[in-house]
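Here are the chains, one letter per residue:
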Amino acid sequence: MLLIIEQLLNGLQLGITLFLMSAGLTLVFGIMQIINLAHGSFYMIGAYVAATVAAYTGSFFLAMIAGVTAAAATGCIVEMLVLRHLYKREHLDQVLATFGLIMFFNELVRIVWGRQPLFMNVPDGLTASIELLPGLPYPTYRLAVIGIGFLVAVFLWLMFTKTRIGMQIRAGSTNREMVGALGVNINLLYTLVFGLGTLLAGLAGVMAGPILAVEPGMGESILILTFVVIVIGGIGSIRGAVAGALLVGMVDTLGRAFLPSILRTVLSTATADSVAASLSSMAIYILMAAILVWKPRGLFPAHG
Amino acid sequence: MNRKQITLWCGAIILILLPPFALQTGSPYLLSLGSRILIYALAAVSLDLLLGYGAMISLGHAAFVGVGAYTVGILHFHSSAAEPVLTWPFLFTGSDNGLLVLPLAALTAAFAALIIGALCLRTIGMHFIMITLAFAQMLYYFFISLEKYGGDDGLSLAARNSLPGLDLGQGSHFYYLCLAALFLFLFFAHKLVNSRFGLIIRGAGNNDRRIKGLGIHSYRYKLTTFVIAGGSAGLAGALLANQTEFVSPGLMHWTLSGELMVMVLLGGLGTLFGPVLGAAVFLLLEETLAMYTEHWMIYMGPFLVLTVIFAKHGLFGFLSGDKEKNG
Numbered sequence: 001m002l003l004i005i006e007q008l009l010n011g012l013q014l015g016i017t018l019f020l021m022s023a024g025l026t027l028v029f030g031i032m033q034i035i036n037l038a039h040g041s042f043y044m045i046g047a048y049v050a051a052t053v054a055a056y057t058g059s060f061f062l063a064m065i066a067g068v069t070a071a072a073a074t075g076c077i078v079e080m081l082v083l084r085h086l087y088k089r090e091h092l093d094q095v096l097a098t099f100g101l102i103m104f105f106n107e108l109v110r111i112v113w114g115r116q117p118l119f120m121n122v123p124d125g126l127t128a129s130i131e132l133l134p135g136l137p138y139p140t141y142r143l144a145v146i147g148i149g150f151l152v153a154v155f156l157w158l159m160f161t162k163t164r165i166g167m168q169i170r171a172g173s174t175n176r177e178m179v180g181a182l183g184v185n186i187n188l189l190y191t192l193v194f195g196l197g198t199l200l201a202g203l204a205g206v207m208a209g210p211i212l213a214v215e216p217g218m219g220e221s222i223l224i225l226t227f228v229v230i231v232i233g234g235i236g237s238i239r240g241a242v243a244g245a246l247l248v249g250m251v252d253t254l255g256r257a258f259l260p261s262i263l264r265t266v267l268s269t270a271t272a273d274s275v276a277a278s279l280s281s282m283a284i285y286i287l288m289a290a291i292l293v294w295k296p297r298g299l300f301p302a303h304g
Numbered sequence: 305m306n307r308k309q310i311t312l313w314c315g316a317i318i319l320i321l322l323p324p325f326a327l328q329t330g331s332p333y334l335l336s337l338g339s340r341i342l343i344y345a346l347a348a349v350s351l352d353l354l355l356g357y358g359a360m361i362s363l364g365h366a367a368f369v370g371v372g373a374y375t376v377g378i379l380h381f382h383s384s385a386a387e388p389v390l391t392w393p394f395l396f397t398g399s400d401n402g403l404l405v406l407p408l409a410a411l412t413a414a415f416a417a418l419i420i421g422a423l424c425l426r427t428i429g430m431h432f433i434m435i436t437l438a439f440a441q442m443l444y445y446f447f448i449s450l451e452k453y454g455g456d457d458g459l460s461l462a463a464r465n466s467l468p469g470l471d472l473g474q475g476s477h478f479y480y481l482c483l484a485a486l487f488l489f490l491f492f493a494h495k496l497v498n499s500r501f502g503l504i505i506r507g508a509g510n511n512d513r514r515i516k517g518l519g520i521h522s523y524r525y526k527l528t529t530f531v532i533a534g535g536s537a538g539l540a541g542a543l544l545a546n547q548t549e550f551v552s553p554g555l556m557h558w559t560l561s562g563e564l565m566v567m568v569l570l571g572g573l574g575t576l577f578g579p580v581l582g583a584a585v586f587l588l589l590e591e592t593l594a595m596y597t598e599h600w601m602i603y604m605g606p607f608l609v610l611t612v613i614f615a616k617h618g619l620f621g622f623l624s625g626d627k628e629k630n631g
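Those protein sequences? They're chains A and B, same order as listed. By the working numbering, the letter at position 188 of the first sequence is numbered 188, and the numbering carries on one by one without gaps. Quick note: to get the working numbering, add 304 to the position in the second sequence (first position is 1).
Hints in this document: simulated from the structure, not taken from any laboratory. Hints should not be assumed to be uniformly reliable.
Restraint-style ranges between C-beta atoms, simulated for each label pair [stated by the list, open to error]:
#, chain 1, residue 1, chain 2, residue 2, range
1, A, ASN187, B, TYR596, 45 to 53 Å
2, B, LEU395, A, LEU133, 51 to 59 Å
3, A, LEU188, B, LEU503, 42 to 50 Å
4, B, PHE325, A, GLN116, 23 to 31 Å
Predicted, not measured: the structure shown is a model, and the values here were computed from it. Even for Gly, the Cβ is constructed at its ideal location relative to N, Cα and C.
Using the sequences and the accompanying hints, generate a full structural model.
Printed below as a string of structure tokens:
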């Protein structure tokens, strides 16, 4: 029972990271109708910058600020230099250009930081574990990640529903010409939204730093998971991103944790382990296929 | 002859004369590079059927290349271990016979494309891009978890497949096999896109709703195209496995899907012959850049971005003076 709670928390933590990634990506798609494969690169940039700053200053807080700022700044520059030319183009052009961006950023990271993965320490005050229930210690850092994720989700919700800029963003996703005609600086709005998306990706990267190895190409593995989340949740919908992220986080974590022991009750140990290994790495894709057969536009389609 | 035909004939003659030239100048390296270009070209042309004609933006085409390659690898593995692949429901042994293995690789990939396509084609647009990508990754992780066939490290082949009358171990024989496969597929694809079937696919690519309004069940046509493209990508994968004598899950990685897409766009979307040129340019560029720096991707990335932003008709459109898409 305690093991199940622990794995549920782990699933929640993966889900939160995925939510930060997919919120940004789904926002960018919902408003600009652009597919951005390079979203994972901003996650990677956030993690690398944070790991470097943390190594020099020893302060996780500074590292976090630096990582998030770097990701958001790179995002704004990329939007102005490249993506702005692609809004009216077909999806195919967007896929290819952002694919080129991935190649560029991965190689840039290799040149600047080398091929060896970097490691980041867990921030000082959060190294310990808290005993959530008697006999269930859980790392404080992971709890902090979950907490920050919730704060961000609440913040996004408030921003979208209660503020002027949130209103403009929502309006922009419905009819961009009309919003422009009403005197909103659409170019600036787009750059800001894109920057916000990459900021969230950078934040996800910073927080993943102490948990995973910081290495070139780390953006792609999370990017694919993010795509699964968005397809499940429905493209362009924040609500869908929340649901999809939690679902994918849980299924992936619980599958890896419990499939071997479940299968061992039916199959011999060796067969069970190999079947469980392939099944658990494929579980989220199977889930996605099932959901698409049932609802081709995802669980919470944004429009209509 | 117009400019387009001249371009085509020149290309064909260069490809046919490459082996004697390589032999004369004593550079067998050219042959293996040439074979690789032909194989990637085959995969890129098959992807062009989807991208350029059906407007089905598949970001998972490498999956079928990988399935084809693994068919060769697994059959070879079982044939050298003298252990049947299947004992139930019927006995099926491993094999190195190209006459059996190569068509089987294409069929297996086509079957995979049938299942994946049937699910993916329920969606359109952005969803389609992401779900094809996700299925390719699923197969990628599946093959990584197959410990028996090398898992992450992949499988090495002791020798290439055998074909009667040919010695595939010899560079020139293998090159001509790839060339024949590419020419046959180009011929077939050219006939296909100019037939009634091709008209429907192009129509569905331009405006699916209108095609449906004409009472045509476009889903079946799209699925058939997806299966044809998947099968020929599988053949390319089988040839690639023979060329490198090595199979690994890396073949299914989505970067390969991306590279195939780049080749199609670089050469010219919806031109069939363009992707051949695109594959040649991409691989030659990669080779050349890699000679000067191990960080060749730092140049390739921005090059791609600029190509997308500025070159709309691809290289083939430039050479043949043909500005029409689908021409």
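Do the hints match the structure? See the list:
1. The supplied range of 45 to 53 Å is broken by ASN187 (chain A) and TYR596 (chain B), whose beta-carbon atoms lie about 38 Å from each other.
2. Between LEU395 (chain B) and LEU133 (chain A) the Cβ separation comes to about 56 Å, which falls inside the hinted range of 51 to 59 Å.
3. LEU188 (chain A) and LEU503 (chain B) have their C-beta atoms about 45 Å apart, which keeps the hinted 42 to 50 Å range intact.
4. For the hinted restraint 23 to 31 Å between PHE325 (chain B) and GLN116 (chain A), the CB-CB distance of approximately 43 Å leaves it violated.
Violation of the numbered hints given earlier is confined to hints 1 and 4; the remaining hints are satisfied by the structure.
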